[in-house]
Structure formats: structure tokens, C-alpha cells
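Chain by chain, the residues:
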Amino acid sequence: MSAFSAAKILSPPPFVARFASEKSLCPFLSSPSVPALTRSALRSIRLLRTPLAVSSDVVIGQKPLASSSSATQNEDVDREVALVLYEDMVLGRFFEDMCAQMYYRGKMFGFVHLYNGQEAVSTGFIKLLEARDCVVSTYRDHVHALSKGVAARAVMAELFGKTTGCCRGQGGSMHMFSSTHNLLGGFAFIGEGIPVATGAAFSSKYRHEVLKESNPNGLDVTVAFFGDGTCNNGQFFECLNMAQLWKLPIVFVVENNLWAIGMSHVRATSDPEIWKKGPAFGMPGYHVDGMDVLKVREVAIEAIARARRGDGPTLVECETYRFRGHSLADPDELRKPDEKAHYAARDPIAALKSYILEKNLATESELKVIEEKIDNLIEDAVEFADSSPHPPRSQLLENVFVDPKGFGIGPDGKYRCEDPKFTEGTAQV
Amino acid sequence: MAASLQSAVFLSNRIDPHRRLFASPARSLPGTKGSILVVRSDGRISGRLSGRNLITNAVAVECCFTKADTPTSSTDSKPGHELLLFEALREGLEEEMDRDPRVCVMGEDVGHYGGSYKVTKGLAPKYGDLRVLDTPIAENSFTGMGIGAAMTGLRPVIEGMNMGFLLLAYNQISNNCGMLHYTSGGQFKIPVVIRGPGGVGRQLGAEHSQRLESYFQSIPGLQMVACSTPYNAKGLMKAAIRSDNPVVLFEHVLLYNLKERIPDEEYVLCLEEAEMVRPGEHVTILTYSRMRYHVMQAAKTLVNKGYDPEVIDIRSLKPFDLYTIGNSVKKTHRVLIVEECMRTGGIGSSLRAAIIDNFWDYLDAPIMCLSSQDVPTPYAGTLEEWTVVQPAQIVAAVEQLCQ
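Chains as they are written, first to last, in UniProt numbering: chain A, 1 to 429; chain B, 1 to 403.
Chain A on its own, in the form it takes in the complex (with noise of 0.2 Å):
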């Protein structure tokens, strides 16, 4: 299948993005399907500084990165931030396992969607976000809720269908919320949190502007994370448009793991440097090392500082990997075994572990302390899970409406929701 084959899409050798010094490698800009007038016209449009890209090493056949400590040309992190990073991560991988584990064990049920392998995406970004900054997923949602600060032993309730968690038991895997966080969501349709991510933006623009609160440290920032099999779709493209439109102070993460279910992201993208379609939108467009923490780590400062400062949005490209199936229930045999093995030697936590031990930031012993601790935690949300009540029949109706009169006036005149069954669930409504 030649057609489809990715080594299309080699043209530019793969390297490591800098900034603004080395604005004459400019990768996209040298495709050869840019016509030169496009290019002229981008040039000249675009006041900031250009966009950078590193190429991507994603596709089959090309030489593999080496893992971790290579890789990182940043300034090095100090041990506190190191230690930060290993532990959202450990706590992420953790908790993945342990929900796989209670899955078969018939403790939690439906779709189940595991990050396992894509946690430096959601460490390098959400750990650098305040809890004013608001977080926009998917239906692998759960990393992202852990990372804002979702007590796992929410997260795990939900998981469970309990009453204690994050959501009440009512949302499940695919819809972890939280306000206390500002995690707004978990979304079962992809792209669908996408505007929800535009509109939280927005609101954060329209407080600056019109109601005239403002922080010293800048805008709120929202981060919207979503996968390659989105970037096809239509609310994608329309929120890039107005986010960049109206300069919103929101990042678009792109978790490019290759695969949406069973379809092969080169085979269901006419261009699959998604990277690419933010300058067409007139924004920065970054790819990534996803399964580098740090890397990631680098590209979201910059990011999110364009955004606080009201510059508007960017477009990130993570080049990730999962390395379970798309859910607990997918069989996973469409992906081939060399490309499984390619991304398990890019562990992000074993490449994480090797720097730490490199530099000298913190001994082994250290880690494995950490370690415990989460598996300690992990063990206890379990519990607490387990021993949490289901939701009574009384919480059936109960968030429906925020105001109850919305069910209606009965035949005897007076509000449904003030017929005291109402409450206990076995009114008609």
C-alpha cells in the first residue's frame, strides 16, 4: 500500500525545536504542497515569531529515537520539579493498572479508555497550570483529572459507580468534572469538548474585557486535550478558527498516539502532520516528543505564557503512544508488535527515572519511596471505593434541572418537584 505509505511524509530530516534563534529552519513552511504565493502571504501576516517544528520520527521505517536523556536539549529542571513530574506520572500509570485490574475483577464496567504511556502529555502540561486554569478532555479522561488534582479517590468512586465520586457515580469513566478543579470534562463524543474548551476561553476573555476582573499573572488559561482521529473533524477545525479569531488564551494538545480505535491515523488523514493546520489558522503549530515529559514540558511554557499573556492560541502536536488497547475491551491486533516495542523502549517514566538518576537529582531508593506512596494511595481510593454506598434512589432525579421547577406543575398545581416522592424517585415525571 504505497499510497499510504508514510514515508510520504519524510521530506524534512528529523531535529530538535529551538526558538526564535533558529527561525530560518522553518520546516512547514518548506512543504512542497505550499504554494510560494501562500507562503508569502503567511510571511507576511504573521507579526510574531514563526512557528517551529520538530519532525516527526513517528512514521514505520524510520530510525527510532534513542530514549530518554539524549533527547532533552532544555534548560535541565531542578530536583523539586523532577520529583513533581515522577510522581504525577507514577500516579497516572498507577492508576491506569489498577483500573484495568478492577475492571476484570468486575468492579467497574462499560467503556474503560487507559492513558497508559501517554502520561508526560498530561504531566508537561497540567502541571504547569494554576487552579484558576481550566481543563478540557476526552473519554480518557482519568490522567487528566488526576494531574488538575482530582483526589483519586474520587476518580475511582466514579469509576466504581459510587455515590462519593467525583461526579456522583453518574458520569463514569468517560465524564470525570470537576468545579473545584475546573476539569470540565471528560467527553464521550470526540471533539465535542473541543467548543466547551473554546467557550471556557472565551469566558475567560470576556471576564478580562468586559467585566473587568484581571489578574496580575494574566489571563485564565484553558488547555484542551484531544486525539489524532479528532483532528479530522469538523468542530476541530471551526474552534481553531474562532479561538485564533478572537486571540483566546487557550492551548490545543493534540495526543497523537496513532491509532483511533482500530483506524490508523495515516489512514484516515490526507495530511497527517496535524501540526501543520495551525498556521494554516494563522497560529502556531508545535509537534512534540509526547513520551519526553520534559520536551513537552517545554513546548507548554511557551504555550501557555502566549496564552496568558492574551497572544492567543497555540496548536501542539504530542507524538505519543498507548500502549494499551483503545479500551479495556479492544482486542488491540491491528497494531504491530515492532511498533509496540518501539514505544514501550520510550517509556516516559523509565525515560523520566534514567534523567533523574543521570543528573543526580534524587537516588533510587528516593523513587521507589515515591513509589509506594502512590501505590499506598492507589490501594486506599480503592478501598474507598469499594466501601462507598451506591447512589440511593433518590439521586435519580435529582440533577436533572439546577432548578427542579423545570419538571413541570402537576395536575394538582403545584410543582412536581415538590411532591415529597419526587425526592425519593418514584414519582412520575
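Keep in mind that the hints were calculated from the coordinates and are not lab data. Errors might be hidden in some of the hints.
Stated by the list, open to error - Listed below are several chain B residues computed to face chain A (Cβ distance under 8 Å; list not exhaustive):
| no. | residue |
| --- | --- |
| 1 | L130 |
| 2 | R131 |
| 3 | N140 |
| 4 | Y170 |
| 5 | N171 |
| 6 | S174 |
| 7 | N176 |
| 8 | T183 |
| 9 | N245 |
| 10 | E273 |
| 11 | D321 |
| 12 | L322 |
Computed from a predicted structure; not experimentally measured. Note that beta-carbon positions come from the ideal geometry of N, C-alpha and C, so glycine has one too.
Add chain B to chain A, keeping to what the hints say.
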């Protein structure tokens, strides 16, 4: 205007004081926070006052009209002011935008163009381009954007240039607008108002003549209201904006130029209530939006023929006001539903089911439902006329029911 005056007289005489308490516009329930004004049947205001300038409820004001409406008075001395329905909508919107800076408008051509039906005319120069946002043509995304903004503290009014365009936003309206409050376990509220003109116009063609109320009615978590007069348009607009629930406000393309005199004082109507248009004894006719006028036209003929129809504008399409409707059924024992939805799966079908469920014992005849034909609205004028219910059909239906 005549219709509302009639209703005013009726309401003041017929509704018992206990019922009036629930009919007041901004009533709070025990144990809930929120609007807290209770207007009693004798016009006194009780409960904790929110400090707003809400003087009285709709009915009391209308009663003033009937008493002051002497034949010799000139229009200048009449209380209230006259305006067209689209101006009433604008007035309601503007008052709410003045009152709460978080209320904003988004939609196509709502800003600089002033709205394709002029509902938002003049608002963009007054409030700025961010508060009255001209969006690109991307219904699904800007509706979702409105929902995201609502989750993070704003109160958007999302306009569909034509209700039919909101079919493109169905994903966001069903999945996010209706459901997010529930799936988030009550953590986020979506106080949006989704509004726009729908219904069959004058030879606008099939796609611009759709009735989306029948498609949206199953979405849990959504409230739907339909306005039909300048008076209820303004009141419902304000109520919808103030409500913390997502509300879909259906307007009709052919009703924007209706003229009526409305009160100068601020008033907010109840989203869940139906409106008594004409009290009667023989048959209950339930209708909403444009069909109200076809019904009233048929009512004139019916009165001449000796019938006494009771006409109720149900206004609240979801949920139904089973109290007003029930009281009427218990009195007349005969029901005719006149709607503009298609026969299959329309509001009329649901209403029929609700009445059978709740008031079966009071019925002396099967419920008749006149709906539009299950046909894409044709362009040709004659064909179009035959797809919607005409007054002559209503007269014939009543005659049949009352045999």
C-alpha cells in the same frame, strides 16, 4: 392585545389564591436559593425582597388595563407602550443585559447586522463586540462555545438565525446542554438560552420551515417555551435568561411584526405556565405559537355558530402545565390540540399522551390533534397552505368533537 386583556380578566376572576402563589413569576421553593420574590394574590409582595424593581406580576398589571381602557381615552393616556414582537424580545434582552453583565449574545449576524430579524439591533454598539458576538458560521461549535462559557460563569443567549440551523448544533444541545449538569453530578450549570425563529413562513422552502420543538422535546435537562405575543415574548425572554436551566425559546418567523401594548413596568413570566387566551365551556383547544392565531380566527367563526371554545396557549412545550390544562379538561371534557409540528412525533403527540395519562376519566370524546402534514414544506404557496392547519379545519374539528 385583545387576547391578553381577555386572559387578564379571566385570570383575576378564576384562579384561586393558592394557585396564584405558584403562578407568581419569581417564586422560590423551600430550601432552595435563587429568586425569592413572592407576589400574593392581593398584590402584596412578601418574602425576602431581592431589591429588584419588580413591581407586580403580569396579571395584576393587565387588570389595570381593563379598568382604565375607556373608549374615549387617547392612546397617549393608556398605560404601557406599543411595540412589535421583535422589539419586545429586544427590550427583554436589553433589560437583562443591563441588569447582569454576564449576559451576552452570540450568533450569526447578531452584532453589526443587528440580527436577521432585528431582535438584537442596536445592542452591539451599546455593549460592544464581545458581549454581542458575531460568530462565524459554525453552529455546532459556537453553541458548544456558549455551553463552555455558561459552565464558566457567563449567561449566553445563543441565537440560531433560523431554528433549523440548530440541527447542526444538535450534538452540543443534546449531549452537553441537556446533559452536562447531570453527568457532572450537579457541579456545573448551563444557564443558556437558545433562541431563534422557526415554523412555517411564507414560501421559505422546506429547510427554512422546520419545527425543531418536536426534535428537541426528548432531550432530558432542557426546558422549551414558545412565545406568541409581544407580551409573552418579553416576559419569557427575561424568564429564560434568569433561569439557571438551559431553555430553548421558540419564536416564529411570521409573528415578529405583531403589535401590542405592553406594560412599562418590569415583568417576568413563569416558564412553566400556560396562558389562558379565551375562557369557554364547550371544548378545550390547546395550541401554541402561530397556530394560536389560526385558532382565534376559527374561534370567531365558532362563536358565531354558537360554540364556546376555551383556548389555551400552552407556552411551555416542555414541561407541560398540567394544572391549567387539567382544569380546562375537567370543565369541558373535550380536547382539540392544534399545532404546527408534523403529525408524527410532534408536541401534540406528547401532549395527547400526557392528557390521556392524567385526565382519562374526564374525557367525553377522543382527543383530536390537528398537526401539519408529514411532508417537507413545499415551496408552492397552495401546497404550503395545505401542509399547515387552517382555521376552517379547526372549525370542522370542533364541530365534530362537539356532536
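Hint check, L130 of chain B versus chain A [nearest Cβ-Cβ separation less than 8 Å]: Check passed: Cβ of L130 of chain B comes within 6 Å of chain A, closer than 8 Å.
N140 of chain B as an interface hint toward chain A, with CB separation required under 8 Å: 6 Å, holds
Supplied contact hint for L322 of chain B, tested at 8 Å Cβ to chain A: The hint holds - L322 of chain B has a Cβ within 8 Å of chain A, the shortest such distance being about 5 Å.
Interface restraint verdict for E273 of chain B against chain A (beta-carbon cut-off 8 Å): 7 Å, holds
Hinted contact N245 of chain B with chain A - closest CB pair below 8 Å: With a minimum Cβ separation of about 5 Å from chain A (threshold 8 Å), the hint on N245 of chain B holds.
Per-residue hint verdict: N171 of chain B, partner chain A, C-beta under 8 Å: 7 Å, holds
Interface restraint verdict for S174 of chain B against chain A (beta-carbon cut-off 8 Å): 10 Å, violated
Satisfaction of the T183 of chain B interface hint, Cβ to chain A closer than 8 Å: 4 Å, holds
Given hint Y170 of chain B near chain A, where the shortest CB pair must fall under 8 Å: Given a least distance of 11 Å, the restraint on Y170 of chain B is violated.
Status of the hint placing R131 of chain B at chain A (closest C-beta pair under 8 Å): 6 Å, holds
Agreement of hint N176 of chain B with chain A interface, Cβ distance less than 8 Å: For N176 of chain B, the interface hint holds, since the closest Cβ of chain A sits about 6 Å away, which is under 8 Å.
Status of the hint placing D321 of chain B at chain A (closest C-beta pair under 8 Å): Result: holds, 5 Å to nearest chain A Cβ.
The structure shown violates the earlier hints numbered 4, 6.
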